[in-house]
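Enquirer: Work the whole structure out from these sequences, hints included.
If you read the protein sequences in the order shown, they are chains F and S. Per the UniProt record's numbering, residue 1 is the first one in the first sequence, and the count goes up by one each step. Per the UniProt record's numbering, residue 1 is the first one in the second sequence, and the count goes up by one each step.
Any given hint might turn out to be false.
EDC-like, lysine to aspartate or glutamate: derived pairs with alpha carbons at most 16 Å apart [claimed, not checked]: (1) F:Lys256 / S:Asp10; (2) S:Lys49 / S:Asp325; (3) S:Lys42 / S:Glu437; (4) S:Lys23 / F:Asp325; (5) F:Lys11 / S:Asp294; (6) F:Lys23 / S:Asp325; (7) S:Lys11 / F:Glu167; (8) F:Lys256 / F:Glu203; (9) F:Lys222 / F:Glu167.
Facing chain F, from chain S, some residues (calculated, C-beta under 10 Å) [stated by the list, open to error]: (10) Lys23; (11) Glu212; (12) Leu375.
Hints are computed from structural coordinates only; laboratory data are not their basis. No residue lacks a Cβ here, since even glycine has one placed at the ideal position from N, Cα and C.
Now for the letters of each chain:
Protein chains: 2
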Amino acid sequence: MTENGVFSRDKVLTIDTMNPTVKNVEYAVRGPIVQRAMQIEKELREGVKKPFTEVIKANIGDAHAMGQQPITFFRQVLALCSYPELLNENMFPEDAKNRARRILQACGGGSVGAYSASQGIDCVRQDVARYIERRDGGVPCDPDNVYLTTGASDGIVTMLKLLVCGEGASRTGVMISIPQYPLYSAALAELGAVQVNYYLNEEKCWSMDLSELESSLAEARKHCNPKALCIINPGNPTGQVQSRQCIEGVIRFAAKERLFLMADEVYQDNVYAEGCQFHSFKKVLFELGPEYSDNVELASFHSTSKCYMGECGFRGGYMEVINMDAEVQAQLSKLVSVRLCPPVPGQALMDLVVNSPQPGEPSHITFMKERTATLSLLAEKAKLTEQILNTVPGITCNPVQGAMYSFPNISLPEKSIKEAKALGQAPDMFYCMKLLEETGICLVPGSGFGQKDGTYHFRSGQPSLLKHFITAFHILRWV
Amino acid sequence: MTENGVFSRDKVLTIDTMNPTVKNVEYAVRGPIVQRAMQIEKELREGVKKPFTEVIKANIGDAHAMGQQPITFFRQVLALCSYPELLNENMFPEDAKNRARRILQACGGGSVGAYSASQGIDCVRQDVARYIERRDGGVPCDPDNVYLTTGASDGIVTMLKLLVCGEGASRTGVMISIPQYPLYSAALAELGAVQVNYYLNEEKCWSMDLSELESSLAEARKHCNPKALCIINPGNPTGQVQSRQCIEGVIRFAAKERLFLMADEVYQDNVYAEGCQFHSFKKVLFELGPEYSDNVELASFHSTSKCYMGECGFRGGYMEVINMDAEVQAQLSKLVSVRLCPPVPGQALMDLVVNSPQPGEPSHITFMKERTATLSLLAEKAKLTEQILNTVPGITCNPVQGAMYSFPNISLPEKSIKEAKALGQAPDMFYCMKLLEETGICLVPGSGFGQKDGTYHFRSGQPSLLKHFITAFHILRWV
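Expert: So this is what it looks like as structure tokens:
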């Protein structure tokens with residue numbers, strides 16, 4: 001009580017009274033190193049002298065921020081949808097206008113400012129279904145199984161929400177690859193699920209070993225109830241592209257062990273290495289025959305944020321659910337209705353991705369030129385990254401077969417490891433922090449993704465390459 | 001096992017094995033009645049004969065779907081941001097171009113397709129802060145306390161996530177008004193929190209009674225740990241505008257009882273009734289002096305979806321946190337980073353709302369004209385709704401002082417109540433379902449928002465009015 005009798009109180013909400021599961025959440029991609037990078041940027045703006053003039057953010061796969069240009073056709077349609085007065089102007093090609101008209105007709109009151117159906121705009125879901133059918137060589141796709149989402153993250157978290165329950169030894173376990181994309185560990189921590197790690201095989205270009213899956217599962221069954229298996233293909237942060245044979249093995253494993261499959265396939269167009277090809281889990285599932293395709297439960301996720309689009313800011317995405325129990329699917333539909341609808345501009349963009357300009361349409365040539373140029377540049381960067389990194393003593397980098405990152409192994413000398421430990425830091429965090437302070441390059445330490453004990457890595461996106469890695473050469477002297 | 005020895009299995013994820021808290025979620029605004037309305041629309045398209053030719057969706061506050069026109073200036077800037085080539089065209093006013101340039105400069109790579117900072121674009125948060133300061137007569141606002149969100153719903157759910165924990169009698173309780181907006185009950189169910197109801201006083205135009213708050217809290221303390229108090233002002237679904245005196249009482253109550261305040265103020269520009277005025281919780285808090293303004297924890301929510309904007313599809317919004325513990329706020333910042341960022345077009349739109357054309361700028365006159373026309377129309381509809389509903393025997397409707405809905409009381413005859421109960425339906429659901437089947441009008445039954453036992457209501461948005469309510473006259477004969 002204060003003197004005048006009202007109160008002088010502690011906070012209601014403190015670190016001790018708040019939800020403990022939130023405290024357990026970690027998200028390295030935007031963690032302490034990125035906080036520090038933002039501070040440094042501010043210091044640079046304020047005129048503080050540094051050994052560099054700008055921060056190079058290689059912490060995140062943010063294509064446009066790294067200079068990738070948006071696809072003209074997409075942005076024309078989005079402008080038309082935002083301000084339909086432009087439909088009266090001559091400056092836009094007819095196919096862009098037609099796409100915009102079609103999207104606007106499907107919106108309440110003809111406005112992208114209206115809520116859509118919670119599952120997403122009907123015609124967009126239909127277009128997604130047709131895209132999936134084309135991609136998978138005719139395997140049927142029911143638009144009712146397609147849910148538009150706020151980026152892929154939203155879909156992944158929603159699926160995990162449906163799956164996770166139980167207490168103690170019957171608590172839901174979810175198998176995720178290590179290294180993983182930390183959305184998974186963050187969502188599992190928040191839901192209080194048991195994170196069941198399976199390690200990718202770095203020696204074999206980050207492939208999945210069935211024996212590793214088996215032993216990880218057997219171990220997990222001793223203390224939780226593993227119900228789902230998550231795969232990221234092409235891999236993030238590890239850049240591998242799973243072979244058809246590997247995917248087949250994973251599906252058979254999931255069927256035998258009764259696991260719900262979650263396939264994060266947001267990098268499906270980002271495949272660079274010769275001999276590598278993207279195989280969707282759904283397609284392989286159906287090729288295994290009805291015993292599998294009628295039974296194995298699968299959710300697959302895609303997004304507008306990666307591939308040649310790189311439109312992260314629009315938060316567009318979809319998920320397709322296959323063999324989901326009808327009652328559960330009704331619960332899913334109810335659950336997504338609470339957030340009303342995914343952002344409509346992101347839905348429109350998703351539509352354009354799955355229904356891009358066709359041969360004969362006025363925008364087709366430009367679209368293909370832009371798409372090819374972007375994917376070629378990404379492929380070139382992937383190759384260069386691997387090559388340059390492997391010339392650096394102490395760094396070993398697997399081929400970047402796909403996705404948008406490299407995840408090289410770094411040998412840190414004992415001295416650095418000790419110094420880091422004395423500071424209570426993970427050694428690779430210590431390394432990345434030094435690199436940031438001395439060169440302005442912002443990477444994410446491997447410990448944020450998970451790695452075998454005693455190994456150290458970093459994840460790097462693909463920014464302006466030469467500048468980035470030539471600097472790294474110099475820096476690596478101190479380790 | 002099937003004959004060829006693989007498996008024929010039950011689903012992994014069934015209604016029995018799924019997360020039970022998700023099953024407890026209900027969201028009436030998009031519930032069974034809306035499902036049925038969508039079916040009926042499909043039937044109408046397929047040529048099925050009905051006593052009406054279109055479904056009138058009054059289930060949701062979706063302004064554009066109901067014919068409200070977007071603000072020209074907002075859409076011009078959004079088009080410019082989407083397709084910056086348009087900056088070279090003469091067709092846009094200079095102030096629209098300047099706003100677009102400023103937003104694009106704040107985006108990574110000058111693209112709305114880049115991720116923003118997780119908390120939202122810096123300059124947008126600064127603009128929000130200045131807006132709040134103007135609105136609240138100079139009470140200071142720190143942009144670091146502003147978080148851009150994916151609609152207001154996202155902010156509300158995020159705050160609840162931080163608050164809810166504990167088990168059994170120490171489980172977090174959250175006080176919500178009854179009638180409530182069902183996002184609250186849905187989020188609390190999903191988080192497994194205890195929903196603590198306090199009833200609004202229908203006899204006194206849905207005002208808040210302090211004695212009701214007190215008795216509700218005292219009762220709740222017997223079985224849970226009430227930590228937060230949610231207020232929706234102007235009210236949804238009930239349309240009341242809280243008086244300054246009432247808000248002061250609520251703040252004093254929260255201070256005395258140590259409750260975290262959550263003020264849902266998304267209808268802050270939707271105030272129609274004479275003598276009514278919007279008072280932000282923050283402003284009143286600061287007017288009560290430092291004992292309160294230095295202590296009471298408050299989160300306030302706003303959105304681009306309501307008011308004169310009605311831009312629901314963009315999912316723009318913000319929350320401001322006041323007196324939040326620094327460590328908790330760091331956790332909040334971490335938590336929002338997992339979803340990467342709110343949709344950037346929605347952030348841009350939020351910026352335009354808080355930084356609209358100023359006197360002297362080329363778009364100012366048109367902007368003010370459009371804004372005033374929209375708000376006047378909404379005010380007129382609010383008045384007409386109340387008047388027309390009150391002429392119907394069996395219906396009593398409080399003045400619609402603000403927001404975008406009416407929530408009239410309906411007297412249902414015993415016969416209808418019995419019929420409904422025989423069908424296992426809430427009587428007002430039965431009524432609304434009949435109304436939908438016979439007239440095509442889609443309302444939400446009061447039971448979806450909560451109401452005193454034995455009373456029945458519906459919530460109606462404000463669609464093309466005359467058509468709507470004249471039909472209702474006829475229908476009401478059967479009750």
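Enquirer: Hints the structure violates: just list their numbers, smallest first.
Expert: 2, 7, 8, 11, 12
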